[in-house]
Amino acid sequence: MLIQTINLGKVYKNGIIALSDINLSIDFGEFVFLTGASGAGKSTLIRLLFREEAPTAGQILIGGRSVIRLTRPEVVRLRRNTGVVFQDFRLMEKGTVFDNVAFALKAVERPWPEIRQRVPAMLERVGLAGRENDNVMQLSGGEQQRVAVARAIINNPLILFADEPTGELDPQTSEELIQLFLDINAEGTTIVMATHDKGIVDKLNKRVITLSHGKLIHDAVGGFVQ
23 MLIQTINLGK VYKNGIIALS DINLSIDFGE FVFLTGASGA GKSTLIRLLF REEAPTAGQI
83 LIGGRSVIRL TRPEVVRLRR NTGVVFQDFR LMEKGTVFDN VAFALKAVER PWPEIRQRVP
143 AMLERVGLAG RENDNVMQLS GGEQQRVAVA RAIINNPLIL FADEPTGELD PQTSEELIQL
203 FLDINAEGTT IVMATHDKGI VDKLNKRVIT LSHGKLIHDA VGGFVQ
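Each residue of the sequence shown is one higher than the one before, starting from 23 at the first, in the numbering used here.
Simulated from the structure, these hints should not be mistaken for lab results.
Treat the hints with care, since some could be wrong.
Pairs of lysine-lysine residues, derived as DSS-like cross-links and limited to a Cα-Cα distance of at most 25 Å, are as follows [said to hold, decoys possible]:
1) K237 / K220
2) K220 / K35
3) K128 / K116
Simulated restraints, written as ranges between beta carbons of each label pair [stated by the list, open to error]:
4) E52 / E96: 30 to 36 Å
5) D205 / A76: 31 to 37 Å
6) E96 / G163: 32 to 38 Å
7) N227 / P135: 27 to 33 Å
8) R91 / D192: 41 to 47 Å
9) D224 / N157: 22 to 28 Å
10) I90 / E190: 31 to 37 Å
11) D224 / D110: 24 to 30 Å
12) D205 / Y34: 33 to 39 Å
13) D241 / R102: 26 to 32 Å
14) A242 / I90: 43 to 49 Å
Where a beta carbon is used, it is the ideal one built from N, C-alpha and C, also for glycine.
Generate the whole structure from the sequences, applying the supplied hints.
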């Protein structure tokens, strides 16, 4: 089992209960949709899984190891094996497309000749060939999302978390992005994707985990659950 949560809970300082008693297991190579209304706890769960936040109750295991008990160097190693596509992109606004994608390689101390070779190849894969020197703020929303995806997958992560990656995209761009995720998943990367997009969920017929008011209410292969 790759990801496991045991009685996972998160209560924020203002008293809001974001998650309560979440028990789930995700195996190597799965493609899992995380659904639920706004405020259901999807983004919180993703932040807990890649250790951006700490839970207030329960346990998270990645590859059998407790994420909660990892030392700082171990957290860095975990993140090297984890890609994240954020809802708000989190791009360096003053940087070029190349700078933003190269950042992920620099963070794991890859040598410059490798960075110079791999970044253009990754940009070609996500449909941004030749855009290396463009400032990211000159790109469309869909193009910015592609930069975010390129940055997230350039280190060939074991796990890819995506938080509403198609939320601001037009249908055609959304479909192209989902096909990219399917290709990545076919290569062995486990994908956990939070989404409101009923059409995508119903079309792909993957495993669907649904949250409601911080609780897990549905976990099965099939379509979107309200």
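May I ask which of the numbered hints given earlier this structure violates, with the numbers listed in increasing order? 2, 4, 7, 9, 14
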